[in-house]
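All letters in the sequence shown, in the order written, are residues -24 to -1, 1 to 544 by mature numbering (1 follows the signal peptide of the UniProt record, and there is no 0).
The hints are simulated quantities; they were obtained by calculation from the structure and are not laboratory data. There could be a bad hint or two in this list.
[What the hints assert, rightly or not] DSS-like, lysine-lysine: derived pairs with alpha carbons at most 30 Å apart:
#1 374 with 75
#2 373 with 304
#3 304 with 215
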Amino acid sequence: MASPRSRLALLFAAVVAAILVAVAACGKPAPRAAAPSSSPPPSATASATDQSPAARASALVTTLSDEQLAGQVLMPYAYGASATDVTPGSAMGNQKLAKVDTPAQMIQKYHLGGLILVGFSADDPTSANQATTNVDNPKQITALTDGLQKAAGGQAPIFIGTDQEFGAVTRIKSGVTLLPSAMALGAGGNPAATQQGWKVAGDELRAMGLNVDFAPDADVLGTADGGVIGSRSFGSDPKAVADQVAASVRGLQGAGVAATLKHFPGHGSTSSDSHTDLPMISKSKTDLDKVDLAPFKAGIDAGTQMVMSGHLDVKSIEPGVPASFSHKALVDVLRGELGFKGVVVSDALNMAPAEKWPAGEAAVRALNAGNDLLLMPPDVGGAYQGLLDGLHTGSLKKDRLVEAVTRDLTLRFTLADAQAGDQNVLASQSHLDVASGLSAAAVTQLRGQCGAPIKGPVTVTTSPGRDTAKANLEKALRSAGVEVVPSGGRVVHLVGYGDGTADLSKTADVTVGMDTPYILGKAKSPNVLATYSSTPDSLKALAQVLAGKQKPTGKSPVDVPGLPRSVC
């Protein structure tokens, strides 16, 4: 056996050797990024639950290779209703998008930081960039989100989000509680009720395994017809919209779901759609501050965890450069002036203003501008390789990428610490009651005697394509004790999303707007009402008003030519 002195000498030699190895390793240049592997990100080296999310993120980010860092800022969509079992058509779509067969393979190959669930709908204003659908019902969605998280591995859950705005943009439509549109909530004018409604929405999203909602819409309407945003906005008054936005943030995030203010710095005054064009906003910075930025400031003050950058040419910030690619917009204004400290996520990179560059170049430009998370790149492999090439050439600094990943991971750990969702809340009676109350509070009468019941049998007519709304209103009217006849009764005519140019020259007894109310200024009817939504709850509330059993207490959140905000 060695003597104590010998053992001490051996120990000293071992320590010196270890130090020399460490010094040599530190002096070696970082290896160039290799081809993406299929292994998941490594586990955090400091993942104790008593550490803060920021500390856990900082510990994990130091263990990530360049390949893993590049993938962490990507949040594409994928084809397929399951993480691992997809149809041949979905596999073909994934091959075209990312050279993999399944969503799980996409996550593993590119070390993704998140995945957005999308739903194609022809009557959706966002349908231009929704090439597939992977949301059907809560059971399917829950299995999908569970499979996606399992595919990610490691100790940092990925972002799984969707656009559940309600109204015209509603991805999950069955088996859940459906709130009325943002504009309907604006008509109700009760931020406390709005917060309760969005808490319901957050609880249900969380129960299905989603941790991000790309909502609420913080745009303030500033065009005569609602522009391209329409009923996705809470209205045209900056203060009222700000109050509604803050309430929505508190509701969603009270359920452990990250809220996302969009579309920064404001899409409400544009007549063109950023899905297909680069809208131009020519108002002064003073007007932008006073109107468009007010709801974003309110949402930030309420603690929003995400802000979405919009593909908008804002002349008073950086002319000719989309805000989504503008360092001045995202760093100087959003972070500097408004004090936002959370995650900036780009609007979809498969929209026309972003596709002017190849996917890899767009990804580098978006990250350099100040985005921390890149949504829906049109070519996942191209975006991924572009980031790696940017690191190699110096067009993307490692510090910027690490900063973005650290922000993303901090939020992901924060969301992971939220209480797990309870499936029993889905479309529960208490949740349905909240939605019903919000729908009832929105109904607005803009012409006629306030709350006067319709007398005699009723015939419901609609613009083309409104068969479901017609059937739902007829059913609700009968339940309210009103006789409904196929023809010859007092005519209640329904108009909805996309009917802005409809002919309303024929006189109905009652004309009802189920989306933005601007078209109602052309109605010849002696009675004009608005629900701002076509959900079954909205039509039940309308039936109660037509039957004289409920007063229309809503107030239009936008000006309608020739009509008051309410006659009540």
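Results of checking the hints against the structure:
no., hint, result
1, 374 with 75, "holds (26 Å)"
2, 373 with 304, "holds (18 Å)"
3, 304 with 215, "holds (25 Å)"
Going down the numbered hints, you'll see the structure goes against none, and every one checks out.
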